[in-house]
Amino acid sequence: MPSHTFTVNGRSVTVDAPDDLPLLWVLRDMLGVRGPKYGCGVDVCKACTSHLDGTDVRPCVVPVSACAGKTVTTIEGLADGDELHPVQEAWLEQDVSQCGFCQPGQIMAAVALLRRTATPTDEDIDAIANICRCGTYFRIREAIRSAAAKMRAA
Amino acid sequence: MTGHSPTPDRSRRSFLTHLVAAPTLALVTRAASDALAPQPADAAVPTLPAIADLVDLGDLFILAGAPTSALLALAVEADGTIRFRLPREEVGQGLTTAVAVLVAEELDAPLTAVRVELEDARPELLFNQLTGSSNSIRSLYGPVRQTAATARARLVAAAAARWGLAPSALTTANGVVRAPDGRTADYGSLAAAAADPTLAVPGGATPKPPARHTLVGRPAGRIDARAMVTGAQRYTLDLDVPGAKPCVLRRPPTLGGSVRAVANRAAVEAMPGVLHVVTIPTGVAVVAETFGQALDAKAALQVTWGPGPADRLSDAEVRTRLRAANPPPLLPPLLTPYVDAEFDFAFVSHAPMETNSAVADVREDRAEIWSGLKSPIVARETIAADLGLPLDKVTVHVVQAGGSFGRRLFFDAALEAARVSKACRRPVRLMWTRVDDTRHGRMRPATHHRIRATYALGEVLSFEHRVAAAETDFRHGLGEIITATAAGLPSGLGNATLAQTLFLTTVKSPYHFGLTTRTLTEIPTGVPTGSWRSVYSANTRGAEEIVVDELAARTGKDPYLFRRAFLKTDAQRAVLDKAAQEGEWGRPMPAGCAQGIAFHEEYKSRTACLVEIDTRDPRHVRVTKAVVVADVGLPVNPRGVEAQMIGGLTDAVSTTLRAGLHLDNGLPLEGSYSQFHWARQRDTPRDVRVFVLPATGTEPGGAGELGVPAAVGAIANAWARATGSKPRSFPLSFDVDFTPYPR
Ligand code: FES
Ligand code: FES
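If you read the sequences in order, they're chains A and B.
The numbering of the first sequence is this note's numbering, which starts it at 1 and goes up by one.
The numbering of the second sequence is this note's numbering, which starts it at 1001 and goes up by one.
The shape of chain B in the complex, shown without the other chains (with noise of 0.2 Å):
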């Protein structure tokens, strides 16, 4: 049967661009009100759309940021130079470089003429500067093209205007408009007329279609690419902040626990190099002149600790409450054939590799902040009411980061720079360390799963999943987008909770099985939390992979052929198919390896991933081979498609064999990578093939997160048949084989 999913027309949406006033040519762009509407159902399919198929999460991002005026400013200036201000973060996805592509193609310019520089926290944008759920190349791939777009039609205009010629009759490439009679105008010489507001623009400005692009769907190398390699790209810590010195914190030996009393302040204060020892709320701060010295001082702060909101969680408790919340599956109907899972999954760290960090100079009267912020509106309206200023008295500048993974959704070391810059009178430099990163830093939570799926007759009746985990935090802007857009979503979604809805209109299944049915109860634990990437997916999408494969072996059935069977269409089976080609699915292993395979599909994206497991010796397993086939529906640049994809395999790599965190007594034992077992080359695949499909459709879906669950899948589906044991509880191989740093 050929499917669809309905999705909502986004095509039908329009976006204004309006010149700015100013010397050369600056535009802003905004969405029209023809907001979308979810579709509805196709009562054609058996198992009904979950509400992820209807509306997605990605949806409600675009529908949240429609109305914003002035989202985009895009700058041609007089040397050629095209600015344009992102209001999101860049963490290593490769956003900018997108952007600067659709930017470079829309406006006829070389791609190294663009400059993307990541927007300061404009609260007036209200929900359209957070960056999170893979929605930033879906909810901008309009906007940004219109916007440039509208640039070149001026460019053009002021061309025709200066010649005394029909714009109809002129040219544009490679950042030159060109007359029939061989004039030539690079942008820069017309960036000052095309500014002019009397300027007439016949025929306005429309995006190229899909068929035009030279750009857009080509490899290309990240923007930032030698900056990287030369050490010239500046992290939060690299930024020369005249006066901002280094700054750690000594945190409680307890998640969450408070400062009772320092023993020996005047003694730390008086060691080589040090400035200020401050108490602020999540711990005590020491200021020096180097990270060493404060390194050196911290360590020899004598303090003593109230306690935290989890003194006694360790994880075996965590587990029983989880399972205890967990609701059992429906029984199933006499005699009717069942598969039953259970599954466990530890909590995890984001692990970003360069650590929670900002810098902060805060002032009487003005304060201003630096960091790598995915949610800089939140952050800076939480500083300024923290430290007593007016919102328009505190800048946030938001930095390139070395990583997030959905950690730097929080800014927790940007309010605490400010804190202690306030406290101490001086620009600061804070970074938490390693191993306050690894263990006081967020977490994925902890995850207990009930699966139980019904089947007779080669049919799947039905697939029950009960899924219960330690609270998400979603403090950090993406409530105000839910409840903003909740009275558009499909019936009775907009009453439920904040994690029940971002769990509905993320989570779905590819496959016909029947009645298909989920549920999230999650339990407080007072552990620190945070999306990780993909957020429910990786464990959820995860699990139930592994049971598709049991259905599979339950019903005789290829792993492969049993999911092409169950697929909802040709879309999802041609990526499968792709994926069980290129890796030649079925072909001989030696015993202890094996082959397996997964499917996922998510963000309006589908992927599959087919890997190869060595598990011959029991102390390094290792995934030896992965095939990785996307359809992101448009791939902006297929080059980092591919990029994120590896870095979701890496991901499911790491959480599903080694890494994880164990909470002891309130605190994670794991303080570094030596312990929080991150893969390193020798424990990833030697072999990756990653195949980005051409466009399958005309707008982009998401790729960020798209990767995780489908690895996680393949992964431990592999290992199930190269053991011939059942993968339950993860990560697989999970003892305590170090000794914990000291709390």
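One chain only, chain A, in its complex shape (with noise of 0.2 Å):
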């Protein structure tokens, strides 16, 4: 069984899985890293969605080799330790989730928007595809943007 090395959340990882098994099963079957979430399992749905070297990937699509001597950050390792994320920050302050299931990938899919652009238009924040079943994308959109100013500012 080959094995892969690389990083989660700052904390380095070795795994013996086959090369093409999914990242998503290595994180949360392997490494107990259940924060991202299965909705689909086909890149559709988006809730798995977590960072590679800083870009946003599916893990459910991402092989496992693909990850060697790669940053894996998913959502347990946005916050610094109790300090949150800006992005989290704001998905308090407007209260956006309500199971909460698909947020994980939202907010790991806003953080990557905002490092791309730090004034998202609403083209933009269109352009996240990641279903909330629970209907919150408006709270979502007002976060997002709220989120940007703060960081703006800061």
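Please note that the accuracy of each hint is not assured.
To be verified - Computed from the model, here is a short list of chain B residues facing chain A with C-beta under 10 Å:
(1) V1091
(2) P1180
(3) Y1235
By construction, these hints were calculated from the structure, which means they are not laboratory data.
Just so it is clear, CB atoms sit at the ideal spot from N, CA and C, and this is done for glycine as well.
From these two lone chains plus the hints, build me the complex, please.
This is the structure:
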């Protein structure tokens, strides 16, 4: 069984797994990192969204072999200890979550967007394709706007 | 005219709270026996009250739950933590937060000290552990406050005894009892003394009058919000149950099909990571070290399948059968003008974000189950019987879930996990794939509607609505609730079928439309169905709101003013007026864009929705703006109510415009959100304003399902005005624009 070494939320890990095993299952079933959620397994719902070397990816379709030597950040790795990321703070301020199941992915997608642009337009926000079955989209939009403003001011 | 809906006087109900022997304060509450009684009809209104005006489904829930003793358990611990065991499920609707607000309010405790935990399945609760029908806050509002008020009274009495003062001299705030001389004692330090059964509590305990509320009615954020944004919130498959291995099922190519034979069991068992391959009635289960490996193995299985009950059934036939079963409306009197309309609604998936899932640990002599369950008692009873274990050897934990919309009234994943765990003698974590959840999961039944309204001289003389629906499955405990309360129902209803009772106790018209009648005809199809947020109302009331617009057009009236003229009460008009004002009803819109408005009343609550739609790009019709007004009587947490209204709006955007299931030879074609076109950010309005009215009554109405029907009507009406077409078949855009996954 091939072995893969990479960093997850600041911790170096080595796992023995088939090359093509999706990162999502390495995280959830082998490493016990359960923030990223399964919603479809085929890059459609985006619930599993996490970061690979700072870029948003869908771990359900990223083979573990593609992570060797790289840095994976999941929702658990976003806050700095007890200090939340401004996007997480904005999510609390807007009380975005309903069932919460899509929100780790929504937040990781929003963080990636704000990394690409400090002033996201409505079209930029529209382009986030993460499904929220509870329909929290409007509060997500407000939270992204609010986080963007605060991050620009900081 | 100022009318009023006669409602059962629930303020007469009272609750008895008992001390439980425990080291620190622990209480349970049950309702006293003065059960609700339907009030006589108010004969002064031109349209006689519908059954749902007299006694709605929520009343039945309240009535059925009343006699259950030991309903609510509250404990104050030595560190000041207040624990409340909630016999309901949290699926995102905000119930745990609303209950925490009620507990903190009556105890004068900080919200952060309150923990609301989901109660395990407790069969002794009988009818009092079913989450549905927007009923939880309605049924819990009285007893939760009584329980917390009693706890507060005992804590005060304990402090009074300690200090040798009269309890009436003491005050409470922020989890602390305070004496006039400045001495203080926090609740934790009093919890043991307050548990003393010999403690005298002079004057008993009465919940605060609403005028003294400091938390109820103020917006509160979810108590679990931080856990949700940090990934710490634990859903069923996130639980660490020792040794529980991932499990997925290969399901039949048609709904309800059976397993005949597995051709390559040994080869699949030899695949990397695979631990077991076992056959259960609903499919072939693979247990593996990771879900990735289980999914690969599932795909490699070669299975021959037996037929299901609906193998050749497709949409066209469902539609034909529904039309044939639906009786025609009565002939209108000669020369009376009328509006006729027929509507079709497709099957719709519940599609909760968290697919059906469960963890099970079944041993020789006992079993333990974890799952998101809205009817855990029936789940526990069914699973115990299936496993051949005594009921008291089966523990069923209710886990907070990633959405439900009615889906988790059923417990199929829990039953499957129990069967697999028993067969392979190890704990398992069973997950439905999204494709299975979309295709084999339950569906909102397809429906057909015939509506005929007659009118003359500016009055609507009659409004007749005939609904035919694929049968809705209510075999999850709701039946027992209705059966148990049938004797107390208005004349005749006690003999109606379950579906008829549900239909008649939920669907009603807010308008004075003369002789108003509704019938429901259900046909069995073999398709697995289940209540979907607002049950019959989304389609039934949605269709009616479309006809209201058509009546207005026929009589040359503005849709808003027409509704206003026919609504029954001032409270209804206040909600409609607010939506029209805030939404700038009538403002000019470019060609291809339009406003639409609709109204709905249910669950002792009422709402109006005004939307704007842009249909200029026919491939991407978008609701661009929405204004929603909700009057829920007494909003416990307006922020939570607002969230529910936004959710209901998104449901309506999705199911009205694009999201439906095509049934094709016994299986839906859709297999994921890319095919079952649930709205994404780009499909939803950039401008949403929700107004939750301050308290208009003394008790909360329901809110969880309230938002859907009015939004369906408003969106369809806006679409009609923007396109000049009549909305008749839903979803409005319903092409098979994808390649279905293989069966
Ligand atoms: S689970 Fe990864 S995109 Fe849906
Ligand atoms: S909050 Fe439930 S799916 Fe987004």
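Cross-check of the supplied hints:
no.	hint	verdict
1	V1091	holds (6 Å)
2	P1180	violated (39 Å)
3	Y1235	holds (6 Å)
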